[in-house]
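Trainee: Below are the chains, spelled out letter by letter.
Number of protein chains: 2
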Amino acid sequence: MPQDSDLNIALVGCGTVGTGVVRILQSSMESMGQRTGRTIHLRRVIVQNVGKPRNVELGDIPVSSDIRTVIDDPDIHAAIHVVGGISPALKDVTRLLQAGKDVITANKALLYEHGAELFALAGQLKRTICFEAAIAGGIPIISAVNTALTANRIVSIEAILNGTSNFILTRMLDRRETYDAVLAEAQGRGYAEADPAMDVDGTDAAQKLSILTQLSFGTRVSLRDIVRQGIQQIELLDLLVAAELGYRVKLLATSRLANERLEVSVQPTLVRANRAIGMTSGADNIVSIEGDAVGVIRLSGAGAGQMPTASAVVADVIDYATGRAAITFQSILRVLKQKPIPLQPQEELSRRYYLRYTVADQPHVLADIADILGRNEISISSVRQDETDDVADESGVARLVIMTHRTTEGRLRNADSEIAALSSIRGDRIRMPIAD
Amino acid sequence: MPQDSDLNIALVGCGTVGTGVVRILQSSMESMGQRTGRTIHLRRVIVQNVGKPRNVELGDIPVSSDIRTVIDDPDIHAAIHVVGGISPALKDVTRLLQAGKDVITANKALLYEHGAELFALAGQLKRTICFEAAIAGGIPIISAVNTALTANRIVSIEAILNGTSNFILTRMLDRRETYDAVLAEAQGRGYAEADPAMDVDGTDAAQKLSILTQLSFGTRVSLRDIVRQGIQQIELLDLLVAAELGYRVKLLATSRLANERLEVSVQPTLVRANRAIGMTSGADNIVSIEGDAVGVIRLSGAGAGQMPTASAVVADVIDYATGRAAITFQSILRVLKQKPIPLQPQEELSRRYYLRYTVADQPHVLADIADILGRNEISISSVRQDETDDVADESGVARLVIMTHRTTEGRLRNADSEIAALSSIRGDRIRMPIAD
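Just so you know, the sequences run in chain order A and B. Position 42 (the first sequence) corresponds to 42 in the working numbering; numbering is contiguous. Position 61 (the second sequence) corresponds to 61 in the working numbering; numbering is contiguous.
Quick caveat, the hints were computed from the structure, so don't treat them as lab data. The model shown is predicted, which means the values in this text are computed figures rather than measured ones. Every clue listed holds true.
Chain copies aren't distinguished; within one or between two, either way the pair holds.
Within a straight-line C-alpha distance of at most 25 Å, the following computed SDA-like cross-link-like pairs (lysine to any residue) qualify:
1) K337 to M29
2) K91 to V47
3) K126 to S5
4) K337 to Q26
5) K126 to T39
6) K339 to N259
7) K337 to S27
8) K52 to G188
9) K126 to A116
10) K337 to T39
11) K339 to M29
12) K337 to D6
13) K337 to E260
14) K339 to Q34
15) K126 to D6
16) K126 to G100
17) K337 to G33
18) K339 to Q26
19) K126 to Q34
20) K337 to G323
21) K339 to S5
22) K339 to D6
23) K126 to A326
24) K337 to S5
The shape of chain A in the complex, shown without the other chains (with noise of 0.2 Å):
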């Protein structure tokens, strides 16, 4: 933590996020100085492209596209580092830290697969990581966690944390569109990336879940270990049964502590539509956190986009200005070193579950699927076989809707492999945990 009251840092990389971050700090220079006491400077910019024209204006200040202009330059006390992927993320990360530079960082990614290694090596050599932007966006959950929560042992954690899948969900049931189409829309308007896979497949989701578990259980978890299923197969369909019954389908990322052990989730699932995590829409985040003495606390806004992740990175800045981002971090290290909770077996989950089939429309179907689920000791507690117009059936094709009775994920995974053997079965096979 530096004591001066200059306060000189770096920005590494200028795209969408980093030219955000250079407005907010170009126009509130005073309120910054206010808060803090000191005054922000940012001395050197690291672009991928110099000549690339940028919607922002630079002046005098050194832009460059070697990262060694920063590390090399002593009087830098730290990095916004606004980067996505792993290289040379991972690389210029690690060499600034070296370099006795603080960090602040939005990448989600780079703490997911590298943060282990670069929270050891920040707290060896005494520096600080910030994150607040890491993790949906201008939503404050980060601090929660480790400022407001720290009185509570946090008992779950429910959360949409991907905007583009909620964006999609929302629009399907909202137009009564198919996902392709919306898909194609959120492309067009750039709310969704050329590549959405690792949005909508829960990729990212899982990511940002297994380091707020980190932080709220002390519990490493990879994705492999975490029950993952993505959105790509939900068709209206299913949308529009969840809603007649009450619910709305969201891409939940879940945490939970049962009987001593941990269950990690991210698949589309069934919540209800009058709670606040099923009314939140588009493509907002929303995080509730249960803790032991304070109940349910919910945060939601805007998950991601320009503006709110560049305010998380400033408020970063400003936090690190005070001195408090140190201090935090400390106590983050020492947090990481508790004792984790054991995860629970992805096969030992129980939940209740939506179960949605496409089928040959001819006799004994029902029959048969009914049989699979009751010799692997699933309980139905409903059944419907609906058309509606707004499906384009294909001839001789009819969709199948069972709600389970409570019962594991290892007995459905069980039973979905037999049902997926019937010569009767078309097409995707839908399984939704239902949460109440």
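Given chain A's structure and the hints, the job is docking chain B onto it.
Mentor: Okay, now just chain B, sitting in the frame of chain A:
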């Protein structure tokens, strides 16, 4: 900020919140140690009546009714102050600060009435005051304003800050019950105070809003600066009409920038039923803050109650133990020196309104009222005079509901004093703004 590894605290007040604090301190010794790197000791407890039995085991900790035992103990670093009211709280907190103790308080009325002098005294003596628990219980709104939102110019705050009022309004609509019936039930169950005046007349919410407003906009507002109305006159009919139109009635606390002036009000308000605020039910609180960069973020949860409030108090203790709280308080002191945004005169607040009159069921009543509104340049958007089975109608009396186009509080007050003088008016006149 004490630097040694042992932190000695005293608890002043061991009522509902105080015993909650003791319980959390006792159960989370280990995790607090991990988070802070220090050992936190509860060294003394001050109560009004030493002989009274308490639901908590204090072991060897000295219990006294004399706060001087804390003030005179040089080993005590900080006091947790969980006593309500102004006297002796003001004197006690002043003496604690003067004796070199830092103070963690949950006393919102004290901060509203004497915050300025206590903050100045603490600043002068280089002491720290923590007060997360004073506003919205377990919801970390003070932390959000002082850390996460610091990169933003705050544009508006809309909040439900009084759980009792929200419980009453929610229950009236859900159960189709009268104000009096629900209030009696809430008192019987201990949700509402024996004297609920400060809750239902908006005083409690206005005091909290005043503190939030000063932290967010730099402007000190006293109760008489705030357009303030309570919920005592709200009838079930009002809630039902609002619901039919797609609204919920909430005791909404609002601070909003409009043309570089600050509009501050606490009023029963029609809020769209599908907005997060409209859906906040029971005793929950919600704070929705709009920043120029982050957009709208929302925080919700239990705004009061033993363990949520105790959770916020202990989070402050932890924040204090790490040294972060001292930095935050210095930052707050600097921010409070910023140039305040001038207040909008009450008469100039401009909104759409819901008006409801109980009138004699006789000719020309509507014409009289419409004439008065028209002469005051208040434009009517809709009128209804329904009878519903849910309302016990006194004979010869009708209820008239008028929705207006956008107009000012001043025009409505003028019109209201004319309407009050009409011989056809019976009983209460209701005026509620509509939040869109």
